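S.K.: Spelled out, the chains give:
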Amino acid sequence: MSIPPISALSAAAPASFVQPTQATQAAGNTDGAFGTSLASAIDGLQAMQSTSSALAIKAVTGDLADVHDYTIASTQAAVAMELTATIRNRAVDAFNEIMRMQA
Amino acid sequence: MGTFAAIGIAGSGLDVYRKWIDAVSDNLANINTVRASDEAAFQARYIVAQANDNQGGDSGGVHVAGAAFGSAEGRLVYEPGHPLADNEGYVRYPDIDMSSQMVQLIMAQRGYQANAAVIDRAKDMYTTALTIGRN
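Residue numbers (our numbering), protein chains in the order written: chain S, 69 to 171; chain W, 136 to 270.
Isolated chain S (complex conformation) (with noise of 0.2 Å):
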């Protein structure tokens, strides 16, 4: 029974040294990715509340023509507040998910 893998392991630790970089590249790319899109969904939602609160703004003053408006901008901003702490506590869990993993 031989065992050749001793040589084949000095040849295999180069590439093992290689990929990691590719893979860090490439997470480098997906984490711009996802903060993007995690920055416009937030820019999404700062406009919703600032629309809310020109509404809230309007309906102390008494210029709100219309009661729904405000209370529809104010649901929907809650809703989009939500769901973005939603996916940034997902993407959190998912971080921290990957720092527990050992080898």
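Keep in mind that the hints were calculated from the coordinates and are not lab data.
Keep in mind the model is a prediction, meaning the values are calculated, not measured.
Heads up, a few of these hints could be off.
Claimed, not checked - Think about it this way: if two alpha-carbon atoms lie no more than 27 Å apart in a straight line, the pair counts; the simulated DSSO-like pairs of lysine-lysine are: (1) S:126 with W:258; (2) W:154 with W:258; (3) S:126 with W:154.
Stated by the list, open to error - Residues from chain W shown here face chain S by an in silico Cβ test under 8 Å; the list is partial: (4) 139; (5) 142; (6) 265.
Ideal Cβ positions, reconstructed from N, Cα and C, are used throughout, including at glycine.
Let chain S serve as the given structure and place chain W on it in line with the hints.
M.R.: Using the frame of chain S, we list chain W on its own:
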């Protein structure tokens, strides 16, 4: 409309029903508005609802296309003691049927409630979707 299409569509319904209630309240407020017989009577206001263009399939809803007006003829009522009465003792009342207006009021109110219920349910639905896989 994206993520909150149902809420947006139901919101357009709320708009229309609110305007309908406005029109009914205007009609009821003016149901006793008397004019002299040589003037036009107060004209009842009716809302013309129109479905939104839904070519893409994900939009939709409804909007108020305009207002229609009732007869300016009104009805002549014999009230000789009225300050606006003409030589024969007639004044002009608007041609508005109160029971019909009350029925329209109920319809508008129920329609508004239905659309508000849709918004509530849609919100519940979205919240349910967020809890998928939480545990």
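S.K.: Does each hint hold? Answer for all of them.
M.R.: Outcome of the hint check:
1. S:126 with W:258: holds, 24 Å
2. W:154 with W:258: Given pair residue 154 of chain W, residue 258 of chain W holds - Cα atoms ~24 Å apart, limit 27 Å.
3. S:126 with W:154: holds, 19 Å
4. 139: Nearest chain S Cβ about 5 Å off; hint holds.
5. 142: holds, 6 Å
6. 265: Hint on residue 265 of chain W: holds, closest Cβ of chain S at ~5 Å, below 8 Å.
When the structure is compared with the earlier hints, no violation turns up for any of them.
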